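Working from the sequences, and respecting the hints, build out all of it.
Under the working numbering, residues 18 to 147 are what the sequence shown spells out, in order.
Since the hints were derived computationally from the structure, they do not count as laboratory data. Do not take every clue at face value.
Per label pair, the in silico range of CB-to-CB distance [as the list claims (entries may be wrong)]: (1) 69 with 92: 16 to 22 Å; (2) 92 with 54: 40 to 46 Å; (3) 69 with 94: 20 to 26 Å; (4) 65 with 96: 17 to 23 Å; (5) 126 with 53: 33 to 39 Å; (6) 127 with 92: 16 to 22 Å; (7) 82 with 53: 23 to 29 Å; (8) 81 with 129: 33 to 39 Å; (9) 95 with 127: 35 to 41 Å.
As the structure is a prediction and not an experimental result, all values here were calculated from the model. Note that CB positions come from ideal geometry on N, CA and C, so glycine has one too.
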Amino acid sequence: MSEASGYLFQDVEVLLKRAREAMVEAKIKVQVTGVHDIYRASLEISMQKLDEICSRYRDDAEAFIVRRKLGEFLEELDSGELVPEVEEQRLDRIIEQVHHLVEWRRLSMATGRDLALKSRRRTREDVQKR
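Below is the structure:
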């Protein structure tokens, strides 16, 4: 199975974190124009990066799952269905999942082999103890 490297997801993680910061800033500075645009642009660029990763690595199931979740999040954001607290929680979960991908894939590359899917939820410390 062909999987994207964790380094490819770093850009997505940075963009999502930037979107999170802009979302928090938009709550504080409601009057400032352009903050919401930064938030939205970061989310859209993240989606484009995920599209690129998914088109290049067609067998990478986790990348497709993250892309689907971000797509659903963007649709709900456009429809206005999300309450600000839920919006923040959903974005945090997506960021956490992308961060996990980055860390897991780095660890997998460092060991020089694919680590078993069933052990993916183990922490870096658990793997280092072995």
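Going down the list of hints, with the structure as the test:
| no. | hint | verdict |
| --- | --- | --- |
| 1 | 69 with 92: 16 to 22 Å | holds (20 Å) |
| 2 | 92 with 54: 40 to 46 Å | violated (19 Å) |
| 3 | 69 with 94: 20 to 26 Å | holds (21 Å) |
| 4 | 65 with 96: 17 to 23 Å | holds (21 Å) |
| 5 | 126 with 53: 33 to 39 Å | holds (37 Å) |
| 6 | 127 with 92: 16 to 22 Å | violated (37 Å) |
| 7 | 82 with 53: 23 to 29 Å | holds (27 Å) |
| 8 | 81 with 129: 33 to 39 Å | violated (25 Å) |
| 9 | 95 with 127: 35 to 41 Å | holds (39 Å) |
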